[in-house]
Every structure is written in C-alpha cells, then in structure tokens.
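As given, the protein sequences belong to chains F and X, one line each in that order. The opening residue of the first sequence carries number 1 in the numbering used here; numbering runs sequentially from there. The opening residue of the second sequence carries number 1 in the numbering used here; numbering runs sequentially from there.
What the hints contain is simulated information worked out from the structure, not anything from laboratory work. Positions of the beta carbon are idealized from the N, C-alpha and C atoms, including for glycine. There's no promise every hint is true.
Looking from chain F toward chain X, a few residues come up when the C-beta cut is under 8 Å (computed) [as the list claims (entries may be wrong)]:
#, residue
1, PHE45
2, MET47
3, MET50
4, LEU62
5, PRO125
6, LEU163
Simulated coverage check for chain F against chain X, where a stretch passes if three residues somewhere in it have a Cβ under 8 Å from a Cβ of chain X [unchecked claim]:
#, segment
7, 7 to 16
8, 76 to 84
9, 170 to 176
10, 188 to 196
11, 239 to 245
Here are a few chain F residues that sit away from chain X, every Cβ distance over 12 Å (derived from the structure) [as the list claims (entries may be wrong)]:
#, residue
12, TRP102
13, GLY104
14, PRO126
15, LYS182
16, GLN183
17, THR201
18, SER207
19, VAL210
20, SER214
21, ASP218
22, ASP225
23, GLY226
24, PRO230
25, GLN231
26, SER232
27, VAL236
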Amino acid sequence: MTPAGLEISGGETVLFWVVAPLMVLAALGLLFVRRAVHAAMCLVFVMVSMAILYIAQEAPFLGVVQVVVYTGAVMMLFLFVLMLVGVDASDSLTETIRGQRWVGLLIGLGLALVLGGVVGRAAFPPGVGLAGGDPGGVANPQALARVLFGDYVLAMEAVGVLLVTAAVGALVLTHRRRLTPKQNQRTVAEARVKALSQGVTLTPLPSPGVYATSNAMDTPALGPDGEQVPQSVSRVLRIRGQERPAPHTAVALVENQADRGTEEES
Amino acid sequence: MDVTNYVVLAAVLFAIGATTVLLRRNAIVVFMGVELMLNATNLAFVTFARMHGDLTGQVLAFFVMVVAAAEVVVGLAIIVTIFRTRRSASVDDVNLLRG
Chain F
1 MTPAGLEISG GETVLFWVVA PLMVLAALGL LFVRRAVHAA MCLVFVMVSM AILYIAQEAP
61 FLGVVQVVVY TGAVMMLFLF VLMLVGVDAS DSLTETIRGQ RWVGLLIGLG LALVLGGVVG
121 RAAFPPGVGL AGGDPGGVAN PQALARVLFG DYVLAMEAVG VLLVTAAVGA LVLTHRRRLT
181 PKQNQRTVAE ARVKALSQGV TLTPLPSPGV YATSNAMDTP ALGPDGEQVP QSVSRVLRIR
241 GQERPAPHTA VALVENQADR GTEEES
Chain X
1 MDVTNYVVLA AVLFAIGATT VLLRRNAIVV FMGVELMLNA TNLAFVTFAR MHGDLTGQVL
61 AFFVMVVAAA EVVVGLAIIV TIFRTRRSAS VDDVNLLRG
C-alpha cells in the first residue's frame, strides 16, 4: 500500500515497530511512576527514541537537535530543578478535587479517541518523500538552512529575541535579593560565642570513630566513658539513617577482641 | 507500513501527555507532560514534511523546539521561585488566588 513516491524500507518498518511500543510504554511511565526522577528518565527515553525516528524520517538535523536540545539541555535542566526541589518530592495521592482522577482519565481517553478518529478518517495524499521533493539533492541541513534563513528569516530573528528574553527572565525570576548582611568568618564566630549559653559548642565537633571493622565516616566515636558520641557522625548521614552503630561500647570492644584472641589461641 | 503510523504514534503520545498534565500533581511532572505534547506535535510535523516533500514542516518543528526550550527555562524558574516561598512543588498548594 506504499505510495509510489515514498518507499518505506523493511528496516524502517522494523525500527518503527520496535521503537514505537517502547516509546508509548515510557510515556505511560510518565503517567504512572511515583517519583519525579523516574518520570524524567522515562521522558529522556521517549526523547532519544524520538530522535531516532526523526533520523529515520529523513530529518537528520532535527534528530541531532533533538538529542542536543531536549535530552542534553532541557532534561538536564529538569533534573537540576528536581535536585533543587528535592529528589524525594513524590506526588501526594490525596485527591483535593473529588473525582479529578477519573474525569482526567476520561478526558485523556476522549482526546485519544478524537485524535485517533481524525487521523483514521483523514485522507492523506500519497507520500512524496523529501528526496523526491528536493530536485537539487542537497543534504538535509543545507536545504533546511535555505528555508530557515530564506522564507523564515524574520521568525528566526524573533526566536532569537525570545531566547534572550527567556534567559533574562529566568535570571530575574531566580534572583534572590540579599535581605540580611553577608556572613563572614568574624560574624559567624561572634554568633557562636553569643550562642554559647544555649549549649552550642565552640570547638569543632568530634570526629567519627576509626575502627578496623567498619568505614569510619558513618560510625560514631566512643567517648572516654565508653558511650557513643552521636555528634561525631555527619548530620546528613544521621538524618538519612545511614549511621552505623559503633562496634559496641569500648568495654565490649575490648572484651570482643579478648574473646577472639582466646578463640584463636584454643 | 504507511507513513500514517507515525501520525498515529504522535496522536497517542499527545494524548498521554495531556492526561499527564490533567492527572499529576507535581508541577515538574506536569511540565514534563507539556514537553511530551510538544514532542508529539514535532513528530507529526516531521512526518507531514516527509509526506508532502516540503521542508517547511521540519522548520516548524525546529521553531517549536526553540520555543519549548524558552518555555522550559521560564517555567522551571517559576517553579523554583514558588518552591522557595511555599516549600512545595505541588500544584495543589498554590491556591493564594482562591476566593
């Protein structure tokens, strides 16, 4: 049923039927995956597959732009913002508008049906293919440049202005005005001394314990009384719950080693 | 296979993107849905360019990409600003204008 002007090779058919279902699956992942980072990864997959389809569809320039701009720049921006906002920011599942999920799903399905109906009933002209429409036979980027800087040169300029405006807008939006005086070493030191009565220590915090049995960063040191010193482990590790218990108290450690020594002797 | 298959794929992806925008609460994921819709239209543009043997479709897809990049930059900046003041990236929490 392929029109005369446009021969679709068997390879492209196979490529389409391999890539398209995977793309739809990844796009559905966007809908059902809980974590925002996983959704971003799904979208990256969709975009790279899209680039493959562009290249298969005689648009190599757009394929490369797709990888560079979308996967390289836009999705990296998304990941950076996810990092700023917090990777754990997953969706809340409580519904604030009652029945929104079902209505949304229904509207989505309806849209799919309408679009499918339009595409199914439309009478497309027999395909021509770009090689047929381009008698000069120039490569795609050159031909594209001729159209872009010929017929659409004004739009090109406008888009340039738009990009500069967007960059300046992002700068203005994310700019934070300094409301408090800048902190330097002296002010920090003075604030610490002032907070001394509230139980803040002036000295550096104790360093974590060093044991032959475990990595030192995540195990608390043992104080002279043999008890663990929780401040010696980084606050981040403590909050994440990645802190390991110290082997035992110092006494137990010595006993443990003593036991081991007797075992080896016997 | 027919070139129309690409158009069908574009329609399916567009519908999924629209549903994502309607269903998800996280503003960033909603934004990803918008990106998916833009990508789907790009696929349709490229397919139509090939179908008609005219490069204009590809040029339009190129413009869509540029505008999408600008939109992402500003949109994400807005999300970051809102997150700074409200400590939340959920679209439900931005209800200051509610009567």
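For each hint, the structure was consulted:
1. PHE45: Since the shortest Cβ distance to chain X is 11 Å, the answer is violated.
2. MET47: holds, 6 Å
3. MET50: holds, 6 Å
4. LEU62: Hint on F:LEU62: holds, closest Cβ of chain X at ~6 Å, below 8 Å.
5. PRO125: With a minimum Cβ separation of about 7 Å from chain X (threshold 8 Å), the hint on F:PRO125 holds.
6. LEU163: holds, 6 Å
7. 7 to 16: Three-residue rule met by the segment 7 to 16 of chain F, so holds; n is 4.
8. 76 to 84: Result for this restraint: holds, n = 5.
9. 170 to 176: holds (count 4)
10. 188 to 196: violated (count 0)
11. 239 to 245: Violated, because only 0 residues of the segment 239 to 245 of chain F bring their Cβ atoms closer than 8 Å to Cβ atoms of chain X.
12. TRP102: violated, 10 Å
13. GLY104: violated, 4 Å
14. PRO126: Per Cβ check, F:PRO126 is inside 12 Å of chain X; nearest 9 Å; violated.
15. LYS182: holds, 19 Å
16. GLN183: Per Cβ check, F:GLN183 is outside 12 Å of chain X; nearest 19 Å; holds.
17. THR201: Given a closest Cβ separation of 29 Å, the condition holds.
18. SER207: holds, 33 Å
19. VAL210: Non-interface label on F:VAL210 holds, nearest chain X Cβ at 38 Å vs cutoff 12 Å.
20. SER214: Holds: least Cβ distance 36 Å, greater than 12 Å.
21. ASP218: holds, 29 Å
22. ASP225: holds, 40 Å
23. GLY226: Per Cβ check, F:GLY226 is outside 12 Å of chain X; nearest 42 Å; holds.
24. PRO230: It holds; F:PRO230 is separated from chain X by about 27 Å at its closest Cβ, greater than 12 Å.
25. GLN231: Per Cβ check, F:GLN231 is outside 12 Å of chain X; nearest 27 Å; holds.
26. SER232: With a cut-off of 12 Å, F:SER232 remains clear of chain X, as the shortest Cβ separation is near 30 Å.
27. VAL236: About 19 Å separates F:VAL236 from the closest Cβ of chain X, which puts it past 12 Å; holds.
The structure fails hints 1, 10, 11, 12, 13, 14 (numbered hints given earlier, in ascending order).
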